[in-house]
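Protein chains in written order, with the UniProt record's numbering: chain A, 1 to 359; chain B, 1 to 413.
It is worth saying that the hints were derived from the structure and are not from the lab.
Do not take every clue at face value.
[As the list claims (entries may be wrong)] Taking lysine-lysine pairs in the BS3-like style, the calculated list, with each CA pair at most 30 Å apart, reads:
#  : chain 1 : residue 1 : chain 2 : residue 2
1  : A       : K261      : B       : K402
2  : B       : K49       : A       : K150
3  : B       : K49       : A       : K25
4  : B       : K106      : B       : K250
5  : B       : K49       : B       : K66
6  : A       : K261      : A       : K88
7  : A       : K150      : A       : K88
8  : A       : K261      : A       : K237
9  : A       : K32       : B       : K106
10 : A       : K227      : B       : K49
Residue strings, one per chain:
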Amino acid sequence: MEGVEASEKVKRTTPRLCSLCNQRKAALRRPKTLEQICRECFYNVFEDEIHRVIVENNLFKPGERIAIGASGGKDSTVLAYVLSELNKRHNYGLDLFLLSIDEGITGYRDDSLETVKRNEIQYGLPLKIVSYKELYQWTMDEIVKAIGLKNNCTFCGVFRRQALDRGAALIQADKIVTGHNADDIAETVLLNILRGDIARLSRCTSITTGEDGPIPRCKPFKYTYEKEIVMYAYFKKLDYFSTECIYSPNAYRGFAREFIKDLERIRPRAILDIIRSGEDFRISTTTRMPEQGTCQRCGYISSQKLCKACVLLEGLNRGLPKLGIGRKKGGSGEDQEQSKWHLENRALSLHGKHGNVEY
Amino acid sequence: MAVCGSACGSNCVPKDTEGEEGERLKRLSLEEESSVRRCTKCAEEEARKECNGLCAGCFRAYLYGKFKLAVTSNAMISPTDKVLVAFSGGPSSRVALEFIHEMQSKALACWDASNSQALPVFTVGVVFMEECNISDELSDQADDVIAQIRSIVSGLSPPSKDLHIVPMESLFSSDLRKLVGSINDATGREDFVRHLRMLSLQRVAFEFGYNKLVLGLSASGIARHVLSATVKGQGYSLPADMQYVDTRWKAPVVLPIRDCLEQELVTLCNLESLKHVQVHDKPCTSINGLVSSFIARLREDNSSREHTILRTAGKLKPFNFNKFSSNQYEYVPSRLRPKFQFIETGEPESPEVLCPICTSPLTATELATTRCSQQMKGLNIKEMEAFYLSCCQSCHFQILPKEETSMSCDGFF
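Extracted from the complex, chain A is given alone in its bound form:
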């Protein structure tokens, strides 16, 4: 009896070993799988999973010029670091650049841009900065002053997307990579379900988008958990800017984010399950989907006559802050495009409210 107790006591004082290498001491619990592993193994699985995603999805070709969307935040900093590492380690043969967007948010963006400038030196990647001011003649500070805090994220998101494309074209990039992680994509899937955006729902889980356009963009972090990115950045002591945008508290995405955080606590794999669900959704063929065309004013990709950026800009310049926001007939804040299809669908469908039941 005493022998058993003694050996049990010994067990408790011996530190737990990494469940992957069984040699080093376990230093952390991996958020995705809850395994207790050591730091080295964590770096290995983290980097290796990303490498496999890149290879299995044919994200890059040798010789390509890749623009890394860099905000100075944790995702883009880790992305720049890991991509740089893997490029060397596995000979991807890529030309990597940092592309940063200055939205003109004082006290937030000017600080994070300093971080990107430091990244340029730390990782040896050339940096290009493009600003809203030079592209649109409006900074986010000015936009928020004009329209308030309810729909500002819409403006910023739409403008940033175009800005990235324009900036990438300026440095002759072949592809853009962004640091969207698994949590982001899961949130987007949920948001699109909640908002009735079936068109975006069908596209948002693709790892590469815009392949038929001039500059495709891809998301190597599609299956990487946000918690693991933070952990990686922390252990590797990477330099990143960690404050939330000062204009963001009212974003609707917050609802979905909170839900996902709670979900992760109950079942960590649920984040990947949401993404899998998004990939498996099959849209009914009777559903009206938008057709891709070009903007009549600026030539950018658009499903309507004018692209969203042009519509929003027109609203700003004419002093009509709500132009391009919300439905035509009022109600919840869905896009104009959505309301058009909904109205037409309602007329076509015998059931009225709940979509077309396909027979």
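Here the structure of chain A is known, so what remains is to put chain B in place on it, guided by the hints.
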């Protein structure tokens, strides 16, 4: 209160019209001062706050209208049907029961009045599934609940309805409590009980000769299902459980109140004093509970969010078992029949392979994995292993035990 002209032919009793008119004008002017809202539909009765600007009568008509549209445009109930209504005691299934009863009474009145009596009236039975012995629910209240259920159903006649009160464990040979208790994942446990419930309902239907099963699943319930299924990785099979019709079962499952929000159904129960059993809200540590509270929060922010979720999911492709085969539409009115008589477009869709536990269609990836493993093992495959391989990834994760231990469910499915 119609004011008839002198040419009125019906035998309405001439009232003191001047007095009546005067009363109405007085009421209107009083209203303008006290701002009593009128129903937006009939503009006569007082609008109820909880009825979205309608009076109680129009609100009921609105809900019954949705029910009737769902039933008729999907050919849910034919005159020769024996329909089994699953009644949990809650407000949603209470309203479903009430509306089915009303539809049946009206059909009976027509039948009584008609000369030919060619088309019979469908019969209705009610089933209440007793589950307290399986999960950890309060069993001391079970007797009260059953007594209430009996009194509710006996009040719904004529025509009278058979009531079947069935303890779930009596339908299976295995020890259900032990089986359910052996599932580690809380969400998996809840979902497994839900699948058992459907199996049980089907067994009751079969035993007593019912050919249709009515569930009181509301729009809110479907919205919850949409989010939970998404979160569990069941995006492919999600559309299967939320359509009006589901013919995967021997007794096809129909959802006549699919378009009504739970809030609306609860309001109706309160307005009409429809007796129902209060469902106790247990603290839920499962994903289903989290989704429920999330949707409740969304509803507070925007009351039409559940409808939007339903609309989005309604744009997903349903399966070929989500409609009746064409010969079941013979009682559909001819103006609606072309909708169901689809043109054969060439090769028929191959039948879906279903998970044995949750009956959800397997994705191409799941099928490929199964077939690959089956090919590798060949004839050496054990029965338990084969069973594991045939289940969907979600059931695999949350219901099946990690090791292929001998579960007491051999031959269960």
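Verification of the hints:
Note on A:K261 and B:K402: the hinted pairing holds, with a Cα-Cα distance of about 26 Å set against a maximum of 30 Å. Note on B:K49 and A:K150: the hinted pairing holds, with a Cα-Cα distance of about 29 Å set against a maximum of 30 Å. Distance check on the hinted pair: B:K49 and A:K25 sit about 64 Å apart at the alpha-carbon level, beyond 30 Å; violated. Under the criterion of a C-alpha separation no larger than 30 Å, the hint pairing B:K106 with B:K250 is consistent with the structure, at around 28 Å.
This hinted pair checks out: B:K49 and B:K66 have alpha carbons roughly 20 Å apart, not beyond 30 Å. Using a Cα cut-off of 30 Å, the hinted pair A:K261 and A:K88 is violated, with the two alpha carbons roughly 35 Å apart. For the proposed pair A:K150 and A:K88, the alpha carbon gap of about 44 Å is over 30 Å, so the pair is violated. Our distance criterion of 30 Å between C-alpha atoms is met by A:K261 and A:K237, whose separation comes to about 24 Å.
A distance of roughly 58 Å separates the Cα atoms of A:K32 and B:K106; the hinted pair therefore is violated under the 30 Å criterion. Restraint check for A:K227 and B:K49: not satisfied, since their Cα atoms lie roughly 46 Å apart, outside the 30 Å limit.
The earlier numbered hints that this structure contradicts are 3, 6, 7, 9, 10.
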